[in-house]
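Chemist: So the sequences go chain by chain: U and A.
Counting in this note's numbering, the first sequence runs from 203 upward without gaps.
Counting in this note's numbering, the second sequence runs from 30 upward without gaps.
Just so you know, these hints were derived from the structure itself, not from any lab.
The structure presented is a predicted model; accordingly, all values stated were derived computationally and were not measured.
One thing to keep in mind: the hints can contain errors.
As the list claims (entries may be wrong) - Calculated pairs, PhoX-like style, for lysine-lysine (alpha carbon to alpha carbon, straight line, at most 20 Å):
| # | chain 1 | residue 1 | chain 2 | residue 2 |
| --- | --- | --- | --- | --- |
| 1 | U | K208 | A | K344 |
| 2 | A | K31 | A | K344 |
| 3 | A | K193 | A | K218 |
| 4 | U | K256 | A | K404 |
| 5 | A | K404 | A | K302 |
| 6 | U | K277 | U | K290 |
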Amino acid sequence: MEYSAKVMDHFMNPRNMGQIEDADGVGTVGNAKCGDIMKIYLDIDDEGIVRDAKFKTFGCGAAVATSSMATELVKGKSVDEAMDVTNKAVMEALDGLPPVKVHCSCLAEEAIHAALWDYCEKNGRKIEGLKKPVNDIDELHG
Amino acid sequence: MKTIYFDNAATTPVRKEVLTEIMPYFSDIYANASSVYDIAAKSRRAVEKAREQVAKAIGAQKDEIYFTAGGSESDNWAIKGTADALSKKGKHIITTQIEHHAVLHTCEFLEKHGWDITYLPVDEYGLISLDDLKNAIRPDTVLISVMFANNEIGTIEPIAEIGKIAREHGIYFHTDAVQAVGHVKIDVKEMNIDMLSMSGHKLGAPKGVGVLFVRKGITISNLIHGGGQEKGKRAGTENTAGIVGMGKAIELATAEIDETGKYLTMLRDRVIKGITENIDFCRLNGHREKRLPGNVNISFEFIEGESLLLLLNSKGICASSGSACTSGSLDPSHVLLAIGLEHEKAHGSLRITLSKENTVEEVDYLIKELIPIVKRLREMSPLYEDYLNGEKAV
Ligand SMILES: Cc1ncc(COP(=O)(O)O)c(C=O)c1O
Ligand code: FES
Numbered sequence: 203m204e205y206s207a208k209v210m211d212h213f214m215n216p217r218n219m220g221q222i223e224d225a226d227g228v229g230t231v232g233n234a235k236c237g238d239i240m241k242i243y244l245d246i247d248d249e250g251i252v253r254d255a256k257f258k259t260f261g262c263g264a265a266v267a268t269s270s271m272a273t274e275l276v277k278g279k280s281v282d283e284a285m286d287v288t289n290k291a292v293m294e295a296l297d298g299l300p301p302v303k304v305h306c307s308c309l310a311e312e313a314i315h316a317a318l319w320d321y322c323e324k325n326g327r328k329i330e331g332l333k334k335p336v337n338d339i340d341e342l343h344g
Numbered sequence: 030m031k032t033i034y035f036d037n038a039a040t041t042p043v044r045k046e047v048l049t050e051i052m053p054y055f056s057d058i059y060a061n062a063s064s065v066y067d068i069a070a071k072s073r074r075a076v077e078k079a080r081e082q083v084a085k086a087i088g089a090q091k092d093e094i095y096f097t098a099g100g101s102e103s104d105n106w107a108i109k110g111t112a113d114a115l116s117k118k119g120k121h122i123i124t125t126q127i128e129h130h131a132v133l134h135t136c137e138f139l140e141k142h143g144w145d146i147t148y149l150p151v152d153e154y155g156l157i158s159l160d161d162l163k164n165a166i167r168p169d170t171v172l173i174s175v176m177f178a179n180n181e182i183g184t185i186e187p188i189a190e191i192g193k194i195a196r197e198h199g200i201y202f203h204t205d206a207v208q209a210v211g212h213v214k215i216d217v218k219e220m221n222i223d224m225l226s227m228s229g230h231k232l233g234a235p236k237g238v239g240v241l242f243v244r245k246g247i248t249i250s251n252l253i254h255g256g257g258q259e260k261g262k263r264a265g266t267e268n269t270a271g272i273v274g275m276g277k278a279i280e281l282a283t284a285e286i287d288e289t290g291k292y293l294t295m296l297r298d299r300v301i302k303g304i305t306e307n308i309d310f311c312r313l314n315g316h317r318e319k320r321l322p323g324n325v326n327i328s329f330e331f332i333e334g335e336s337l338l339l340l341l342n343s344k345g346i347c348a349s350s351g352s353a354c355t356s357g358s359l360d361p362s363h364v365l366l367a368i369g370l371e372h373e374k375a376h377g378s379l380r381i382t383l384s385k386e387n388t389v390e391e392v393d394y395l396i397k398e399l400i401p402i403v404k405r406l407r408e409m410s411p412l413y414e415d416y417l418n419g420e421k422a423v
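When you get a sec, could you build the whole thing from the sequences and use the hints?
Modeler: Shown next as C-alpha cells:
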C-alpha cells in the first residue's frame with residue numbers, strides 16, 4: 203500500500219489541526235470499520251459562511267490527510283456548499299487513496315455532516331440534504 | 030538518511046556468511062540433488078550437511094528433519110498432516126488464541142471439515158495456563174499445537190511443561206518455533222516436542238525455506254504430493270541454496286545464542302526503559318521476563334499505530350504495529366485482543382524487534398525521536414483531548 207504525495211504532504215503537514223473554543227458546530231464520528239475517531243469543529247458566521255474549521259483525528263495516515271483536506275475544502279464555503287465536500291471530493295483532492303483506505307475518507311464526510319448537524323440544531327436551521335449523522339458518537343462519549 | 034531496521038520479527042537480511050556459502054548453489058553447483066551423475070552428489074551432500082546442522086541445533090536426529098518452503102508450510106503440514114493421519118482416532122485439536130495465522134487459519138479450515146478446535150485463552154502477559162490445557166484434553170484430542178514464542182509480543186510459552194502433559198496423555202505436540210529458533214535454546218527431546226516448525230528468513234537465511242521436525246515414530250500424512258524427495262514425505266526439487274542457507278544460518282545463530290541473547294536483552298531493556306520512563310500512558314505488552322530477547326511491544330494510549338509508523342519512517346526507522354489500520358483486514362491484532370487490550374490500546378501498539386546488527390546509538394535515536402512523535406499524535410487525538418478534559422477516565 204502506498205499513499206500519494208498529496209496524502210503524505212497532508213499527513214506530514216496537517217492543515218487546521220487543533221480545536222476551536224465555543225465552535226458553532228462540532229461533530230465527532232467513529233469509524234465502524236477500524237474503530238477510529240474524527241472530530242471536526244466549525245466556526246460559522248451569521249451569514250452561514252464557514253470562517254474556520256479545525257480537526258482532531260485518532261486514525262491512520264489517510265484519516266489524518268482526509269481530515270486535513272476536508273477542513274481545507276469547507277473553509278470559506280457556505281453551510282449549503284459545505285455539503286459538496288463529499289468523501290469523493292476529498293479523495294480526488296488528495297489524488298486518490300488506496301482501496302482499503304477509502305472508508306477513512308467517509309469518516310471525514312461524516313464528521314463534517316455531524317458538525318453541520320450540530321450547528322443546525324443549535325441555530326434552528328436546516329440544510330438541504332443533511333441527515334442526522336449515524337456514526338455520531340458524542341452521545342456515547344457523554 | 031540512514032535506515033534503521035527494527036522489524037526483525039517480520040524478516041531478516043541474509044547474513045553475509047550465509048550469502049557467501051549459498052552463492053555457488055545458484056550457479057556452479059546447480060545439479061538436481063536427486064540425479065545420479067557425479068555433480069549431483071555435491072548438491073545432495075550440501076542438503077544432507079544442512080540437515081545435520083539443523084538437527085544438531087535442536088537436539089534432533091538428522092532423519093527427523095524435513096525441508097519445506099517456509100514456516101507457513103511447516104505449520105500447515107504438521108496440523109493437516111496429523112489431522113489426516115489421525116482422524117479415525119479423534120477429531121479434536123487444542124491450540125491457542127495467539128497463534129500465527131498459519132496455525133489459526135489452518136485450524137479454521139479443519140473446523141469446516143468437521144474438526145473441533147479448542148483455542149486456549151492467555152493471561153494478560155500472553156501465557157497459556159497449564160490447567161486450562163489439562164482441562165481441555167478429551168479422549169478424542171489428537172494434537173496440541175502451541176507456539177514456542179509469540180511473534181507480536183514475544184512471550185515464551187512453557188513448552189517443556191506442555192510437552193510433558195502431551196506426552197503423558199499420548200497426544201502429539203506441535204510447536205511453531207519460527208520466532209524462537211536461533212534465539213532461545215531448544216531441545217526437542219528434553220521438551221518432549223513431537224513436531225516443530227521453523228522458517229529460514231527469520232534467522233538470516235533466505236525467504237522461502239523452512240523446516241518441519243517430525244520425531245521418529247510420529248506418523249503424519251503428506252501435504253505436498255509429487256516426487257520422492259525428503260524420503261517421500263515432502264515432494265519438490267530441493268531448494269538447494271535455501272537449504273544450505275538454512276543450515277548455515279542456524280549453525281551460526283546457535284553458536285552465538287548466549288552472546289547474542291545477552292546483547293539483545295541489553296538493547297531490549299534499554300528500549301523498554303527509555304520509552305516507559307520518558308513517555309506517559311504507555312504499557313509494555315507481553316511478559317517482562319518470559320520474553321524473546323529482541324522483542325519490545327508497547328502500547329501508547331490515545332494514538333494510532335499506522336500514523337506512528339509513518340512518522341517513524343520519516344525518521345528512517347522501520348517498525349511495525351498491531352493497529353487495525355495497518356492490518357489490511359482492518360481488524361486489530363488478535364494477539365493484543367487476546368491479552369485483554371481494548372481496541373483503542375491495540376491501535377496504539379508499536380513493535381520493535383532487534384537484531385545483533387542494531388546498536389545502542391540506534392536504540393537511543395529511536396527513543397529520542399519517538400518522544401516528540403507520540404506527543405504530536407496525542408495533540409492531534411480527540412481521545413487525548415477528552416482525557417485532558419476529564420471526560421473519560423483512563
Ligand atoms: C510465529 C510465526 N509462524 C509462522 C510464520 C510464517 O513463516 P513463513 O513466512 O516462513 O511462511 C511466521 C512469520 O511471519 C511467524 O512469525
Ligand atoms: S482510520 Fe483506520 S484505516 Fe484509516
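Chemist: Does each hint fit the structure? Answer for all of them.
Modeler: Outcome of the hint check:
For the suggested pair K208 (chain U) and K344 (chain A), the alpha carbons sit about 19 Å apart, so the restraint of at most 20 Å is met. Our distance criterion of 20 Å between C-alpha atoms is met by K31 (chain A) and K344 (chain A), whose separation comes to about 9 Å. A C-alpha spacing of about 11 Å is found between K193 (chain A) and K218 (chain A), which places the hinted pair at or below 20 Å, so the restraint holds. A distance of roughly 18 Å separates the Cα atoms of K256 (chain U) and K404 (chain A); the hinted pair therefore holds under the 20 Å criterion.
Proximity of K404 (chain A) to K302 (chain A) is assessed by CA-CA distance (about 18 Å); at most 20 Å being required, the pair is judged to hold. Straight-line distance between C-alpha atoms of K277 (chain U) and K290 (chain U) comes to about 17 Å, which keeps the hinted pair within the 20 Å bound.
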